[in-house]
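Engineer: Model the placement of chains B, C, D, E and F on the given structure of chain A, informed by the hints.
Protein chains in written order, with the working numbering: chain A, 1 to 133; chain B, 1 to 133; chain C, 1 to 133; chain D, 1 to 133; chain E, 1 to 133; chain F, 1 to 133.
Listed next, the stretches of chain C that the computed footprint assigns to chain E, with coverage defined by at least 3 CB atoms under 8 angstroms from CB atoms of chain E:
(1) 17-29
(2) 68-76
(3) 84-98
Here are the simulated DSSO-like pairs of lysine-lysine, each with C-alpha atoms no more than 27 angstroms apart in a straight line:
(4) B:K41 - E:K97
(5) B:K132 - B:K78
(6) C:K131 - C:K84
(7) C:K78 - B:K41
(8) D:K41 - B:K97
The set of hints was computed from the structure by calculation and includes no laboratory data.
Backbone N, C-alpha and C define an ideal beta-carbon position, used for all residues, glycine too.
6 protein chains.
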Amino acid sequence: MFARLFAPTLEVSAHCDLPCGVYDPAQARIEAESVKAIIGKVADNDDPDFRTRAILIKEERSQLVKHHLTVLWTDYFKPPHFEKYPELHTLVNEACKLASGTGTKADFDEAKADELLSKIDQIAEIFWETKKS
Amino acid sequence: MFARLFAPTLEVSAHCDLPCGVYDPAQARIEAESVKAIIGKVADNDDPDFRTRAILIKEERSQLVKHHLTVLWTDYFKPPHFEKYPELHTLVNEACKLASGTGTKADFDEAKADELLSKIDQIAEIFWETKKS
Amino acid sequence: MFARLFAPTLEVSAHCDLPCGVYDPAQARIEAESVKAIIGKVADNDDPDFRTRAILIKEERSQLVKHHLTVLWTDYFKPPHFEKYPELHTLVNEACKLASGTGTKADFDEAKADELLSKIDQIAEIFWETKKS
Amino acid sequence: MFARLFAPTLEVSAHCDLPCGVYDPAQARIEAESVKAIIGKVADNDDPDFRTRAILIKEERSQLVKHHLTVLWTDYFKPPHFEKYPELHTLVNEACKLASGTGTKADFDEAKADELLSKIDQIAEIFWETKKS
Amino acid sequence: MFARLFAPTLEVSAHCDLPCGVYDPAQARIEAESVKAIIGKVADNDDPDFRTRAILIKEERSQLVKHHLTVLWTDYFKPPHFEKYPELHTLVNEACKLASGTGTKADFDEAKADELLSKIDQIAEIFWETKKS
Amino acid sequence: MFARLFAPTLEVSAHCDLPCGVYDPAQARIEAESVKAIIGKVADNDDPDFRTRAILIKEERSQLVKHHLTVLWTDYFKPPHFEKYPELHTLVNEACKLASGTGTKADFDEAKADELLSKIDQIAEIFWETKKS
Numbered sequence: 001m002f003a004r005l006f007a008p009t010l011e012v013s014a015h016c017d018l019p020c021g022v023y024d025p026a027q028a029r030i031e032a033e034s035v036k037a038i039i040g041k042v043a044d045n046d047d048p049d050f051r052t053r054a055i056l057i058k059e060e061r062s063q064l065v066k067h068h069l070t071v072l073w074t075d076y077f078k079p080p081h082f083e084k085y086p087e088l089h090t091l092v093n094e095a096c097k098l099a100s101g102t103g104t105k106a107d108f109d110e111a112k113a114d115e116l117l118s119k120i121d122q123i124a125e126i127f128w129e130t131k132k133s
Numbered sequence: 001m002f003a004r005l006f007a008p009t010l011e012v013s014a015h016c017d018l019p020c021g022v023y024d025p026a027q028a029r030i031e032a033e034s035v036k037a038i039i040g041k042v043a044d045n046d047d048p049d050f051r052t053r054a055i056l057i058k059e060e061r062s063q064l065v066k067h068h069l070t071v072l073w074t075d076y077f078k079p080p081h082f083e084k085y086p087e088l089h090t091l092v093n094e095a096c097k098l099a100s101g102t103g104t105k106a107d108f109d110e111a112k113a114d115e116l117l118s119k120i121d122q123i124a125e126i127f128w129e130t131k132k133s
Numbered sequence: 001m002f003a004r005l006f007a008p009t010l011e012v013s014a015h016c017d018l019p020c021g022v023y024d025p026a027q028a029r030i031e032a033e034s035v036k037a038i039i040g041k042v043a044d045n046d047d048p049d050f051r052t053r054a055i056l057i058k059e060e061r062s063q064l065v066k067h068h069l070t071v072l073w074t075d076y077f078k079p080p081h082f083e084k085y086p087e088l089h090t091l092v093n094e095a096c097k098l099a100s101g102t103g104t105k106a107d108f109d110e111a112k113a114d115e116l117l118s119k120i121d122q123i124a125e126i127f128w129e130t131k132k133s
Numbered sequence: 001m002f003a004r005l006f007a008p009t010l011e012v013s014a015h016c017d018l019p020c021g022v023y024d025p026a027q028a029r030i031e032a033e034s035v036k037a038i039i040g041k042v043a044d045n046d047d048p049d050f051r052t053r054a055i056l057i058k059e060e061r062s063q064l065v066k067h068h069l070t071v072l073w074t075d076y077f078k079p080p081h082f083e084k085y086p087e088l089h090t091l092v093n094e095a096c097k098l099a100s101g102t103g104t105k106a107d108f109d110e111a112k113a114d115e116l117l118s119k120i121d122q123i124a125e126i127f128w129e130t131k132k133s
Numbered sequence: 001m002f003a004r005l006f007a008p009t010l011e012v013s014a015h016c017d018l019p020c021g022v023y024d025p026a027q028a029r030i031e032a033e034s035v036k037a038i039i040g041k042v043a044d045n046d047d048p049d050f051r052t053r054a055i056l057i058k059e060e061r062s063q064l065v066k067h068h069l070t071v072l073w074t075d076y077f078k079p080p081h082f083e084k085y086p087e088l089h090t091l092v093n094e095a096c097k098l099a100s101g102t103g104t105k106a107d108f109d110e111a112k113a114d115e116l117l118s119k120i121d122q123i124a125e126i127f128w129e130t131k132k133s
Numbered sequence: 001m002f003a004r005l006f007a008p009t010l011e012v013s014a015h016c017d018l019p020c021g022v023y024d025p026a027q028a029r030i031e032a033e034s035v036k037a038i039i040g041k042v043a044d045n046d047d048p049d050f051r052t053r054a055i056l057i058k059e060e061r062s063q064l065v066k067h068h069l070t071v072l073w074t075d076y077f078k079p080p081h082f083e084k085y086p087e088l089h090t091l092v093n094e095a096c097k098l099a100s101g102t103g104t105k106a107d108f109d110e111a112k113a114d115e116l117l118s119k120i121d122q123i124a125e126i127f128w129e130t131k132k133s
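With the rest of the complex left out, here is chain A:
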């Protein structure tokens, strides 16, 4: 399934609100992968200064996840998408909450990072379906 998700990267794209028409859920995923990696690194390192840096950087990376997801939600997805995928609002909202102060920003919980990645993959799946149609 992962392979299928990333197969379409031929159309790889970003967002700029010109709009340039270039969007890609990979941007959110990359930052979420980073959040997960940070959590793993802290588990292996008991230096308190390292933990402080990890908190600070996890904060930034989680924020980037939220940024990339809200870009998709506000700029890429259009009313027909929300009609066709009625769960889409909730899905993006839950993913953002998972990258917020009640989510990956709050602690070093790998399960939350995994849940976030899973939500991003669900959003990506919808995204690529809409690109095909």
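Structural biologist: Same frame as chain A, but now just chains B, C, D, E and F:
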């Protein structure tokens, strides 16, 4: 008059994703007022360099509107709010689109700025209702 | 109640250095309220990671207070204002220091946050007086 | 060749200088695709305000390309990589210049965007080779 | 010559609001020099896209001037300095206005850039006097 | 003394990628001085909250060092410079690594800050040589 202006600040609040619990739709409204004022200023000034600066600054201010609105949507509003106000997802999404590359970023259209302000007021109305309950 | 809250927004305004002519001391106040709320939250929570996040976010919010205050000082207030209110320079300068590394950034001292809020209210009072005249 | 380049995205990753160990040249490529798309959009649209917005956004996206490339150069690539790939310094430097004020920032030249994309692909190829070994 | 250039760096300093104690008016001056250079470049280049880029970049650099000056005013200068140099508030305020929407941001006027540089030099002179005492 | 300090500012310069032609290695040095000062301050202060703030600010300042150095590397230095100074790529790369997660960001090691300052001085020496020729 000053007292009246600042009386409501007891509930006034910002956002910081600690979360500090401080949110205020006024932040989005202030930036949208700025967008509208920029449009008015350009109507009264035919210096092309001024127009360029206005485009650039309108871009930033519209972006801030989107930022403040998505903060409310991802961090303040919770599942019970979305249940009670089923139009809320669409409302925030439409407001953000009005501040995007297909909205106030795109041109100098005062009607779009007014529509954006009106959506922000609808969101604020819901916001303050949820604060009371 | 909503009407009362938003009644003053006719004058509500932000800053953009076009200049759009839209300024509002509420922007500084909202961030200072957030700083105060953060201090309160830390008092109720002894998780060291939470404290680290609180320090980091308090830093950002204090910086935003300084930003919004210096915008008023450099862009909104003009020579006649400084003549009419000779204490204004010192007032803004002291407020900024209260949001600096010797102020709310330095520790979790609610008294400092209150003092900062009080200074912002004094600046706001002058601000709204100048808007009336 | 492109497929090969992007096949390894199983390890998809970002950068955070913890370092989290997560890097991915796709981040630079996505922004460069956006730059190219902006150039194409301007060719199809003769509204001067649109052109102004395109210049401004192209500036930002080009800057992001430079950011993501210098992250790879300063943080991911290590002395053994530079020894094994002696052209790597020049390659990254040239790619950055192609995204600078003498490159895609300067004008709306699709050939420059293509050249930039091609350099990024060469960097990515080296990157993925180093990941395999 | 190199030695001479870098000899003064013993006192050279930046700002970080720890506070680290490192401040240097050169930071504001460098950005103001950049603003002046941009104005000169536009005078020699009649490409309208170049002019657009120049406006956008002049905006950023002028903003950096304001940032560095307000850092000195809010963080470095203390009450005894303001007492000893009663013109200091006005001097910094005027310099910031010269880098604002009524100053170098507004147009391509080399005289304004020169006036800004002159004010920065006056601030720097006071700054270095306070460092000696 | 003031005259001597500011005498070299004729060549003083920043970077804006217009490009404005204004560059100055002092920008990187000032931030690196700040990093060193932060390390010294932490050695004299055992408040854990102060240490947290120091980590966070040291992170930002180190990042600014990297930013200013990569600007020189990508925008100021041209192929003839790299030919004439074959060590230049490695020098800048090593300096950036010294300001990264394996350098001054990682811990409070004054020796690393000194090594970083020394590398910046070597880059500056080459820089000023190229300006003379």
